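Protein chains: 2
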Amino acid sequence: MKFRVIGSAADQARVGELNTGHGLVRTPAFMPVGTRGTVKGVFPRDLLDLGAQVILCNTYHLLLRPGIDLLRDLGGLHRFLGWPGAILTDSGGYQVFSLSSLRRVDDHGVVFRSHLDGSPLFLSPELAVEFQLIAGSDLIMSLDECPPWPASPSELDQAVRRTVLWAARGKEAWERLQDSHASFPTPEAGLFGIVQGGGDARLRALCAEELGAIGFDGFAIGGVSVGEPPEEGLRAVAETVVHLDPARPRYVMGVGEPWQMVEMVNLGVDLFDCVLPTRLARHGVAYTGMGRISLRNSSFRLDPAPISSECGCYTCRNFSRAYLRHLLKSEEILGLMLLTLHNLYFYLCLMKEMRTALERGCWEAFLAEKRKRREEFEEGG
Amino acid sequence: MKFRVIGSAADQARVGELNTGHGLVRTPAFMPVGTRGTVKGVFPRDLLDLGAQVILCNTYHLLLRPGIDLLRDLGGLHRFLGWPGAILTDSGGYQVFSLSSLRRVDDHGVVFRSHLDGSPLFLSPELAVEFQLIAGSDLIMSLDECPPWPASPSELDQAVRRTVLWAARGKEAWERLQDSHASFPTPEAGLFGIVQGGGDARLRALCAEELGAIGFDGFAIGGVSVGEPPEEGLRAVAETVVHLDPARPRYVMGVGEPWQMVEMVNLGVDLFDCVLPTRLARHGVAYTGMGRISLRNSSFRLDPAPISSECGCYTCRNFSRAYLRHLLKSEEILGLMLLTLHNLYFYLCLMKEMRTALERGCWEAFLAEKRKRREEFEEGG
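For the record, the sequence lines run as chains A and B.
Numbers given in the working numbering equal positions in the first sequence, counted from 1, plus 41.
Numbers given in the working numbering equal positions in the second sequence, counted from 1, plus 41.
Derived by calculation from the structure, the hints in this document are not laboratory data.
From a predicted model like this one, the values you see are computed outputs, not experimental measurements.
Heads up, some of the hints might be wrong.
[What the hints assert, rightly or not] Chain B regions said to be covered by chain A (calculated; three or more residues, Cβ under 8 Å):
| id | segment |
| --- | --- |
| 1 | 69-79 |
| 2 | 105-113 |
| 3 | 266-278 |
| 4 | 335-345 |
Ideal Cβ positions, reconstructed from N, Cα and C, are used throughout, including at glycine.
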């Protein structure tokens with residue numbers, strides 16, 4: 042994995058290229074989420090057509106099903122999923138803390154029970170790295186401890202201390218496995234450290250500096266979008282980014298709404314992932330340049346217009362709001378398939394617009410326009 | 042609508058062309074079923090790629106939702122569905138008899154209650170034709186009475202008598218509306234009569250002759266695949282086809298398994314529709330040249346092979362049985378999407394193979410090969 046900044050605005054927002062073992066990823070980039078080895082409701086070929094260059098998979102879910110042995114036997118995630126582009130995997134830590142029951146955490150790692158069948162599993166920083174190498178991930182995350190929001194000062198202290206400790210041990214495992222990297226499905230993988238620290242600027246800075254000293258191919262900012270007011274998350278990102286090596290890619294995990302991605306790109310963030318476009322689609326909600334709309338709304342019953350007349354996606358080129366509403370009311374699968382396609386197109390288009398604005402040197406004007414629109418339409422735009 | 046036989050074998054099986062207001066349909070043709078205005082789980086663009094030239098929609102379901110007024114206001118089914126190919130609509134009769142409650146039938150028509158909200162509706166032979174014209178259907182079915190299986194002789198007598206009466210009245214309505222055909226979305230639509238008569242060869246012949254005398258653009262054979270042993274259905278088709286004008290297209294409603302379609306093409310049938318490929322896909326079952334397989338089967342857990350190595354569909358070119366099993370076990374939408382694509386490809390390929398065999402004059406060899414395979418693999422092949 043190699044990263045290169047190819048242009049920037051106001052010394053912060055930047056456009057770049059991430060070269061992976063599975064193709065080029067132009068940044069800022071949005072990664073559709075494929076939790077259990079599929080971006081829900083989308084063919085891989087359509088993801089490619091939409092311009093997705095990288096997707097995210099959740100190590101925790103894949104550990105439970107289909108399991109790491111199966112992924113190894115079948116030649117890794119890319120072949121299993123039929124996805125030729127890049128894959129970022131999280132470390133599994135976030136889901137261990139949020140989904141599993143009966144977990145026991147100490148500095149060695151986490152013992153937890155599968156939320157599927159209750160079977161016990163162990164995850165350590167070393168195993169997290171090894172699992173992701175076996176899966177053939179292009180962008181590998183260190184195991185971290187993501188504190189809840191709000192967290193007490195001692196909880197935050199503890200999470201940062203352990204996150205740094207685990208990052209160092211993950212890095213050691215990474216280096217120990219260096220000689221065998223060629224035997225994994227993606228020899229060119231890169232390793233990311235994850236910055237925690239909640240809303241505490243001092244802890245965020247400390248964590249970022251220590252991870253920087255260990256040395257990683259990229260840096261993720263965790264503990265954002267975990268329930269805090271969005272403005273606080275934005276502040277945490279701003280206070281973290283300045284302590285990160287500008288030559289490395291920066292990834293804010295689990296973010297977010299379109300406006301949040303715009304503001305975070307403005308701070309110098311390169312990578313995002315979020316379930317919102319796909320999850321909201323399954324609930325009948327579509328993004329437009331003027332905010333979200335719910336296609337189940339009876340006002341669309343006879344509406345021959347597409348979701349958005351500005352949009353060039355397959356859904357908007359061919360189907361009316363009235364038809365989409367009919368599909369949703371009838372609980373037809375095609376409804377969520379068409380909305381998923383539209384929402385992902387919307388997200389991926391927004392990233393492309395940002396890259397173009399940065400390349401053309403008109404970021405300030407772009408940002409001002411987006412902020413103005415957001416004020417006009419309040420939410421979600 | 043214009044139909045032309047362009048080649049035949051053994052004076053029965055034939056290959057033809059059906060010219061509709063929405064493109065050419067090469068026959069023998071299979072029509073994917075789009076009950077509520079969508080072939081479940083398939084984008085219209087992918088249906089086109091699969092080679093589908095005509096789909097079936099159910100008038101009954103569309104009457105209830107979105108309703109005929111909406112279809113009229115929005116310019117008809119094709120525009121509403123974003124489907125540029127041909128559409129065959131049934132008359133609504135079959136579902137009125139099988140799905141609705143509290144129906145009251147007499148020679149005027151049927152009063153029934155919606156299975157969605159209990160609201161009362163009336164369907165007559167005249168209204169059935171008018172609704173389908175408003176919807177812009179290319180291939181319009183007369184209202185018929187489909188007797189259950191088994192039915193008493195008097196039930197069969199009654200159903201045939203009423204079916205002929207209604208067919209005549211539908212034809213009259215069709216002619217009365219002739220001057221306004223140009224104002225409907227599909228001026229070139231064709232009207233089909235439906236032959237009933239259960240397993241009674243004499244009644245089938247009578248019904249076919251009387252419908253022939255009334256005169257229709259095509260003929261459907263109903264009351265097959267309603268619970269009878271498949272061999273009896275095949276016999277009923279054989280005993281009906283010989284009484285139908287060979288210059289008109291023949292359509293067996295709701296059939297069937299691949300082997301049934303092969304046998305019925307051999308009898309001179311041109312059109313088929315069936316929910317099996319799409320419904321079975323949603324249950325994790327795939328068609329192969331060696332019978333059906335259930336992808337949920339644990340024997341596929343580590344199987345890197347595609348559903349069928351003979352198959353050229355998107356699913357088989359890119360995804361393993363192991364991955365499909367993982368998707369199905371995880372209840373991921375993509376699993377049923379990929380299986381639906383495969384099963385429709387299988388059905389549409391079979392029709393293409395039959396057309397090719399007929400065009401090349403090697404139908405007998407083709408038929409013998411298919412029968413041999415079926416014997417070898419017993420079921421579903």
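### Message
Closer than 8 Å Cβ to Cβ for three or more residues is the test here. Does the segment 266-278 of chain B pass it with chain A?
### Response
violated (count 0)
### Query
Are three or more residues of the segment 335-345 of chain B within 8 Å, CB to CB, of chain A?
holds (count 3)
### Query
How does the coverage statement for the segment 69-79 of chain B fare against chain A, requiring three or more residues with Cβ below 8 Å from a Cβ of that chain?
Result for this restraint: holds, n = 3.
### Query
Do at least three Cβ atoms from the segment 105-113 of chain B come closer than 8 Å to Cβ atoms of chain A?
With 3 residues close enough to chain A, the hint holds.
Going down the numbered hints, you'll see the structure goes against just number 3.
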